[in-house]
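Asker: Sequence:
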Amino acid sequence: MGFLPGGRESRQAWEQFLTHLVRRGLDPRAVKLVISDGCPGMIRAIRTIFPYSDHQHCLFHKMSNLRAKCPRSEWPLIKAKIHKIYFALNERDARENARAFIKEYKDIFPRLVDCIKKDLDSCIAYMKHPFRRWRHIRTTNIIEHGFKEVKRRVKVMETFSTEESCIRILYSLT
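Its first residue numbered 5, the sequence shown is counted upward by one per residue in this note's numbering.
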């Protein structure tokens with residue numbers, strides 16, 4: 005859809021980028037779902053520029069964040085129980101599974117439970133959309149692959165002579 009050079013992930017930087025997309029013709033009312041990692045600036049910008057869209061927190065990023073709040077020895081069991089929340093067959097079951105998880109673990113892993121409670125709505129937002137799309141819209145994996153390829157190609161260059169040369173190379177890779 006687009007890219008702009010930038011060095012920060014602040015709300016202001018993301019609002020500038022999203023506004024750029026709108027100026028180029030993207031209708032904010034037509035955006036049904038925005039998927040992102042947990043960057044607070046990006047999330048605030050999404051709410052400002054696309055107030056009618058749902059926000060889906062990337063489950064790959066979320067699971068990585070949750071794993072850091074759980075002892076390694078406990079992670080396999082906890083992961084399976086969290087999957088019952090995030091990969092339930094419908095929103096009602098996801099919320100029911102979340103309530104059970106929170107009740108069971110609130111005193112044992114309070115930081116983990118707080119993290120789940122805080123972002124529950126954005127972690128199951130994809131469930132409001134057609135089931136056939138769920139696998140593709142609950143993570144940012146589709147774009148992460150592109151980022152990985154850009155990093156691989158750019159790594160050997162070490163530096164760019166100008167911002168314009170950087171943009172030209174990145175555009176050719178996307």
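Any given hint might turn out to be false.
[Claimed, not checked] Straight-line distance between alpha carbons at most 20 Å, and here's what the computed DMTMM-like set of lysine to aspartate or glutamate pairs gives:
hint : residue 1 : residue 2
1    : K155      : D58
2    : K110      : D123
3    : K122      : D58
4    : K132      : D118
5    : K132      : E108
6    : K83       : D58
[Claimed, not checked] Computed Cβ-Cβ distance ranges for the label pairs, DEER-style:
hint : residue 1 : residue 2 : range
7    : K110      : M67       : 15 to 23 Å
8    : R172      : E78       : 20 to 28 Å
9    : R103      : L8        : 22 to 30 Å
If you're looking for bench data, these hints aren't it; they were derived computationally from the structure. Note that the Cβ used here is the ideal one computed from N, Cα and C, for glycine as well.
Asker: Hints first: check each against the structure and report whether it holds.
Answerer: A quick look at each hint next to the structure:
no., hint, result
1, K155 <-> D58, "violated (29 Å)"
2, K110 <-> D123, "holds (15 Å)"
3, K122 <-> D58, "holds (16 Å)"
4, K132 <-> D118, "violated (23 Å)"
5, K132 <-> E108, "violated (27 Å)"
6, K83 <-> D58, "violated (25 Å)"
7, K110 <-> M67: 15 to 23 Å, "holds (19 Å)"
8, R172 <-> E78: 20 to 28 Å, "violated (49 Å)"
9, R103 <-> L8: 22 to 30 Å, "violated (42 Å)"
The structure fails to meet hints 1, 4, 5, 6, 8 and 9 from the earlier list, while all remaining hints are met.
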